[in-house]
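Model the full structure from these sequences, guided by the hints.
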Amino acid sequence: MYEPPTPPNVIIMFVDDLGYSDIGVYGSPDYATPNLNRMAAEGVHFTDFYVSQAVCSASRASLLTGSYANRIGIHGALGPGNSHGIHEDEVTLGELFKTQGYATAAYGKWHLGHHPQFLPMKHGFDDYYGIPYSNDMWPFHPESPDSWGDLPTIEGDSIVGFNTDQSRFTTDFTLRSTEFIRTQASAERPFFLYIAHPMPHVPLFVSEERLGASGAGLYGDVIHEIDWSMGQIIQTLKELEIDDHTLVLFASDNGPWLSYGNHAGDASPLREGKGTAWEGGVRVPFIARWPGTLPEGLAVTTPAMTIDLFPTLAHLIDAPLPEHPIDGQNIWPLLSGETTLSPQKAYFFWYHQNELHAVRSERWKLYFPHRYRTMIGQAPGADGIPGRYTHLNSGLELYDLVTDVQETQDVSENHPEVVEQLSVLADSIREVLGDRLHSVEGTQIRQPGQIQPR
1 MYEPPTPPNV IIMFVDDLGY SDIGVYGSPD YATPNLNRMA AEGVHFTDFY
51 VSQAVCSASR ASLLTGSYAN RIGIHGALGP GNSHGIHEDE VTLGELFKTQ
101 GYATAAYGKW HLGHHPQFLP MKHGFDDYYG IPYSNDMWPF HPESPDSWGD
151 LPTIEGDSIV GFNTDQSRFT TDFTLRSTEF IRTQASAERP FFLYIAHPMP
201 HVPLFVSEER LGASGAGLYG DVIHEIDWSM GQIIQTLKEL EIDDHTLVLF
251 ASDNGPWLSY GNHAGDASPL REGKGTAWEG GVRVPFIARW PGTLPEGLAV
301 TTPAMTIDLF PTLAHLIDAP LPEHPIDGQN IWPLLSGETT LSPQKAYFFW
351 YHQNELHAVR SERWKLYFPH RYRTMIGQAP GADGIPGRYT HLNSGLELYD
401 LVTDVQETQD VSENHPEVVE QLSVLADSIR EVLGDRLHSV EGTQIRQPGQ
451 IQPR
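In this text, residue positions in the sequence shown follow my numbering: the first is 1, and each later residue adds one.
If you're looking for bench data, these hints aren't it; they were derived computationally from the structure.
A couple of the hints might just be wrong.
[Claimed, not checked] Simulated DEER-style distance windows between Cβ atoms:
#1 R388 - K238: 42 to 50 angstroms
#2 N414 - E155: 56 to 64 angstroms
#3 D157 - T443: 31 to 39 angstroms
#4 D89 - T6: 27 to 35 angstroms
#5 D318 - A216: 40 to 48 angstroms
Everything numeric in this text was worked out from a predicted model, so none of it was measured.
Cβ atoms here follow ideal geometry from the backbone N, Cα and C, with glycine treated the same way.
In structure tokens form, the structure reads like this:
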């Protein structure tokens, strides 16, 4: 296996509710994203990259721990009413990098618990500035203003404001990030930076200086500003002459929130969006750039997932994995172009809460009977007001994602042996992680953290 020359600085930009085809390299006809397109041309992008669940907290839990979210007790989207969050015994990427002497920072949306014991500074990050949960969980929500309190902005461990002007979020988190990079470069200290932009999750906001810049409406402006943010990060690395010593990763936490219409992204040609196990909900853009180490312009079609980043980065910085089980595998050979073989036997299992909805292995994806939301036949929302989902029921359905990425032709009757094979794989994960639909508890589920009594 090819080994990179020295452990790199690492930057992860993780955006919120971006559609699969919202950026140019993934086929967007509407939004110009020159910096992300250039990042892909100078590095690697995956066509079949996934999140573990198509919802905010669960997705972030998997990225930061290398585990399926239901393994560590994080489901759905945590809010101000929740009393739980990430457990102190879980090892985050921040803590992983700290073991190797890295400086660490997180800026943006956290969403793994808002009580003090769950915040980033307690889980491996030296610096934090951002919001503890989603940016729509505030008094100005268009549907339920009485359900939310004031949205706090947190710096370090302290609340420094409420209902902060969100038009500054993308810009301010970017400026914090470039300042952090400059400080660590000056100190000649390796760093790990996690930038979790709240956009393009609704409500949409963009800075005054970039309002109208895209010529494609407010959503287009938001995408333009995210692209600007990545441009600022890479430009800073070049100015400091640490560009070829820094691995930069870009992904989204799930697919688009389709009920918001013109304030939502586009998952085309994929089926459905956020909140579902269909491809439009769980398949997301993923770009990696490390000049001089990763190949240029490589498109990887082998599936991979956010859970795989933890062990991959541990390998790159020679850090030991946690003693407790995790679910990801090292995908450095895929990133470096050495192989197209997946290290995962079954590529991935998709849960909703603790219900197993789907599994993928090689070209096949099998869905188990479940209820899911859809906007089919419904009027879309507009200008920040959502439309109404309806619900449909899936049967036991098999799709060939190589020939039918839109998931339109159920071929389960034609391939009973594949259905059987994937069902056996599903039973193996049910035994470990459970499945409410099958009344299975699971033998390896760890509990989340709970707030300590006063």
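### Message
For each hint given before, does the structure comply? Return the numbers of the non-compliant ones in rising order.
### Response
none
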